[in-house]
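In the order they appear, the protein sequences are chains A and B.
Using my numbering, read the first sequence as starting at 1 and increasing by one per residue.
Using my numbering, read the second sequence as starting at 1 and increasing by one per residue.
Certain hints may be false.
As the list claims (entries may be wrong) - Simulated restraints, written as ranges between beta carbons of each label pair: (1) A:Lys434 - B:Asn138: 34 to 42 Å; (2) B:Leu158 - A:Trp58: 43 to 51 Å; (3) A:Met125 - B:Ala236: 51 to 59 Å; (4) B:Gly233 - A:Ser431: 54 to 62 Å; (5) B:Glu271 - A:Phe279: 51 to 59 Å; (6) B:Arg339 - A:Phe279: 49 to 57 Å; (7) A:Leu36 - B:Leu158: 51 to 59 Å; (8) A:Gly337 - B:Lys86: 19 to 27 Å; (9) B:Lys86 - A:Asn158: 28 to 36 Å; (10) B:Ala236 - A:Val282: 26 to 34 Å; (11) B:Gly233 - A:Val334: 33 to 41 Å; (12) A:Pro82 - B:Lys329: 20 to 28 Å; (13) B:Val173 - A:Ser38: 51 to 59 Å.
Stated by the list, open to error - Here are some of the chain A residues that sit facing chain B, going by a computed Cβ distance under 8 Å: (14) Ser348; (15) Ile349; (16) Phe445; (17) Ser456; (18) Pro458; (19) Val461; (20) Pro463.
Simulated from the structure, these hints should not be mistaken for lab results.
Don't be surprised by glycine CBs; every beta carbon is placed ideally from N, CA and C.
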Amino acid sequence: MTDVPSPQGWVRTEDAPRLPAPPNTTGPVGWMLTNLFSSPMNSVLTILGASFVIWIAWGVIDWALIRGVFTGEDREACVAVPDSGACWPYVWAKFHQFVYGFYPFDQRWRVNICFIVGAVALATMAMPSLPYKKWNALFLLVVYPLMTFVLLTGGNLNLSSSTIYFVTGVLLFSSLVVPLAAFGIEDGIRRNKPALVLAGIAVAIWLVSIFVSMPEIAAFGGYISIATLASLVLLTAAAFFSIGHRASTRDIAARSALLGWVGAVSAIIAVLVLVTADFGLVQVETQQWGGLLVTLVVAVTGIVAALPLGILLALGRRSKMVVVRLFSIVFIEVWRGVPLITVLFMASIMLPLFMPEGVNFDKLLRALVGTALFSAAYMAETVRGGLQAIPRGQYEAAQALGLSYWRMMNLIVLPQALKIVIPGIVNAFISLFKDTTLVLIIGLFDLLGIINASFSDPKWVSPQTGTTGYFVAALMFWVFCFAMSRYSLFMERRLATGHKRRGI
Amino acid sequence: MTSKLLTVALGLGLSVAAVSAASAGTLDDVKAKGFIQCGSNPSLIGFGFPDDQNNWTGFDVDFCRAVAAAIFNDPTKVKFTPLSAKERFTALQSGEIDLLSRNTTWSMSRDTSLGLKFAGVTYYDGQGFMVKKSLGVNSALNLNGASVCTQTGTTTELNLADYFKANNMTYQVVAFEKNEEVLKAYQDGRCDVYTTDQSGLYAERLKLAAPDDHVILPEIISKEPLGPVVRQGDDAWFNVVKWTYYALVNAEDLGITQKNVDEMKTSTNPEVMRFVGKEGDFGVGIALSNDWAAQIIKHVGNYGEIFERNLGEGTKLKIARGKNALWSKGGLQYAPPIR
Chain A
1 MTDVPSPQGW
11 VRTEDAPRLP
21 APPNTTGPVG
31 WMLTNLFSSP
41 MNSVLTILGA
51 SFVIWIAWGV
61 IDWALIRGVF
71 TGEDREACVA
81 VPDSGACWPY
91 VWAKFHQFVY
101 GFYPFDQRWR
111 VNICFIVGAV
121 ALATMAMPSL
131 PYKKWNALFL
141 LVVYPLMTFV
151 LLTGGNLNLS
161 SSTIYFVTGV
171 LLFSSLVVPL
181 AAFGIEDGIR
191 RNKPALVLAG
201 IAVAIWLVSI
211 FVSMPEIAAF
221 GGYISIATLA
231 SLVLLTAAAF
241 FSIGHRASTR
251 DIAARSALLG
261 WVGAVSAIIA
271 VLVLVTADFG
281 LVQVETQQWG
291 GLLVTLVVAV
301 TGIVAALPLG
311 ILLALGRRSK
321 MVVVRLFSIV
331 FIEVWRGVPL
341 ITVLFMASIM
351 LPLFMPEGVN
361 FDKLLRALVG
371 TALFSAAYMA
381 ETVRGGLQAI
391 PRGQYEAAQA
401 LGLSYWRMMN
411 LIVLPQALKI
421 VIPGIVNAFI
431 SLFKDTTLVL
441 IIGLFDLLGI
451 INASFSDPKW
461 VSPQTGTTGY
471 FVAALMFWVF
481 CFAMSRYSLF
491 MERRLATGHK
501 RRGI
Chain B
1 MTSKLLTVAL
11 GLGLSVAAVS
21 AASAGTLDDV
31 KAKGFIQCGS
41 NPSLIGFGFP
51 DDQNNWTGFD
61 VDFCRAVAAA
71 IFNDPTKVKF
81 TPLSAKERFT
91 ALQSGEIDLL
101 SRNTTWSMSR
111 DTSLGLKFAG
121 VTYYDGQGFM
131 VKKSLGVNSA
141 LNLNGASVCT
151 QTGTTTELNL
161 ADYFKANNMT
171 YQVVAFEKNE
181 EVLKAYQDGR
191 CDVYTTDQSG
201 LYAERLKLAA
211 PDDHVILPEI
221 ISKEPLGPVV
231 RQGDDAWFNV
241 VKWTYYALVN
251 AEDLGITQKN
261 VDEMKTSTNP
271 EVMRFVGKEG
281 DFGVGIALSN
291 DWAAQIIKHV
301 GNYGEIFERN
311 LGEGTKLKIA
321 RGKNALWSKG
331 GLQYAPPIR
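Chain A with its partners taken away, still in its complex shape:
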């Protein structure tokens, strides 16, 4: 019956006019109805949540801004007002310490240059649209650390003569690698026997001299122990032998190995010359560093060192070479097995006791090495997770193309693996950044440490000083961590080619 069209039927000849969406599904009201008040339960939760957020936010605003004290000369300003909130004049007075620590006032331009250059180089590196990434990375990873070192410490390192002898010895010894690299291990050893024997004797003499004290003779304007002198002479002879006839040969492999060695050694000597050169900068001991400066130095060093070391360790752990694998496993498990606080204690309290009296590594340096190795072990496991997610077919395809191990890793596997683990890597960075506060226990004054120390200035101590200081610390840490987190999200979206998943 309904199938039969009625004779008075009316057929529409054009589209019906578009009506606006129902008012309760568009605009802010619609958004709220769908997302906040879609059911009675959700409405209740929304109201509860919103009142909680408003309650907290109001508390903070009331304390920090409305009841806060903004001007004053000393604690009296913050104590005078009954029931006062945050004590901001204390922050204004101490803020320079929060940033620079006890770095001398007239030398702070050096820190500023490091901050600015670092920020600019990092920003240009972080923006994918800008060119010259390779040079930028080279600057950031090689030139910038050296520059920062010289600027912040003042350079002009005074290497002790024994350090110089040791470095010279190691550099000479490294020449033995040249024939090995040029002719392969077996052939290299066969051709270079005399040098190996000489170097062996030199190392043996040097080892003995650690336990048996040898007489010293005057040389090079100072004193040098007979053992050191003998080792150096033997090593020089060994270096002459292992390099000498390699230099005259026309063999291409030998020449390139030699050039590589010369390049590496010159680079090391250049670095040594740079850090020992006198640029006329006043020396600033690391004891005077503090605040944000120390936090950034520790965090950035840890982050920069952790990624390459972690990748190497992750590859090592999956390597087929037993020794490499074993070394990686032991390294990772040992460092992961001890808390960071133990590492720092070990570095600051045990290490000095093992060393002869008078020999001291810088405390900051010890902490830096400790955190770098510690975070490398964690990074290795993060990266290994990414490596395991790469299907076997990718490796096989790369091998089928005839790529060597390093090219396979570099071109095929690591780009995919690292992309997958970006959240994990950034997670590790953020937690490392916050873990830097632990250096406080070994007497280094990072951001939190310096804020803690500033509470004890009788000029500023008041009921609100502590709260205000911790509030500022939390704010500063949050800014850095949030920035890292946002950047990682941006990179993830940019690199999400083909693996795009929802929920990032």
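We have chain A already, so just place chain B on it with the hints.
Frame of chain A, contents of chain B only:
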């Protein structure tokens, strides 16, 4: 090529041919390097802290300056290493610092088994009590039946029990894990009395909303002698540090102050003459110049002046001299004569 590299490497060796002499005494080392490396507390009100202008200030810090003044006639020839409580002894043992002046309690185990020597007691500290002024209490013996706020798991709790038992008084303990909580509880009126080391009481009092409404009772119920520490077995250095302290106390005893020390050089009082180096060769005995003591007072002031400057009534802390008054004024500060 190789020989060139070697030249560069050896050139490096030549350019920096500083040979570290086998460590002689600390005093000789200090004189050679031109400054004292002093381990201090970076965060203790009145005793050691850096102010707005990055200057280290405080009672312990000034002691380091006094030693520098004795040796170099220049109180600025001292570098401070901020140390935590845990690493302070290691820093001294390993030679990282020359002198530890960081509110360190002198106890037998520290003196005998750590390879350290205490050079004297610069500050007699001990557990004390703070109460609200409105209670009208002026002696700890009036605290019968009081409720006492304290930190758990410290010796303060034991000392408290001993003291009240010995004086046949009852009390109620209100204990907390953290110092901030203790102070908060005291401020909120959950107890009548707040107890911790007396120097700490003065510092904590500043954190209260109205510090002047609270009073610190004169009694000290435990012994916490604080003093500078040096390495054991280095007598020359030990003597310098010890006699720097004695010179500070002797100066106050003799009435020699930062202001009048130059006039005192013309004094005819034999004791003063010996002190300022006009008579006798007392500086020689500790390998310093004969006016070593006068230098200390000129640059840093005597014991009383250091105390007043950092802790005393003129400061925000307002610590009374109490046990740290001179022996002649009923305190414990006493120094052997320079003779």
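Outcome of the hint check:
| no. | hint | in the structure |
| --- | --- | --- |
| 1 | A:Lys434 - B:Asn138: 34 to 42 Å | violated (49 Å) |
| 2 | B:Leu158 - A:Trp58: 43 to 51 Å | holds (45 Å) |
| 3 | A:Met125 - B:Ala236: 51 to 59 Å | holds (56 Å) |
| 4 | B:Gly233 - A:Ser431: 54 to 62 Å | violated (45 Å) |
| 5 | B:Glu271 - A:Phe279: 51 to 59 Å | holds (54 Å) |
| 6 | B:Arg339 - A:Phe279: 49 to 57 Å | holds (54 Å) |
| 7 | A:Leu36 - B:Leu158: 51 to 59 Å | holds (58 Å) |
| 8 | A:Gly337 - B:Lys86: 19 to 27 Å | holds (22 Å) |
| 9 | B:Lys86 - A:Asn158: 28 to 36 Å | holds (30 Å) |
| 10 | B:Ala236 - A:Val282: 26 to 34 Å | holds (32 Å) |
| 11 | B:Gly233 - A:Val334: 33 to 41 Å | holds (37 Å) |
| 12 | A:Pro82 - B:Lys329: 20 to 28 Å | violated (39 Å) |
| 13 | B:Val173 - A:Ser38: 51 to 59 Å | holds (55 Å) |
| 14 | Ser348 | holds (6 Å) |
| 15 | Ile349 | holds (5 Å) |
| 16 | Phe445 | holds (7 Å) |
| 17 | Ser456 | holds (4 Å) |
| 18 | Pro458 | holds (4 Å) |
| 19 | Val461 | holds (4 Å) |
| 20 | Pro463 | holds (5 Å) |
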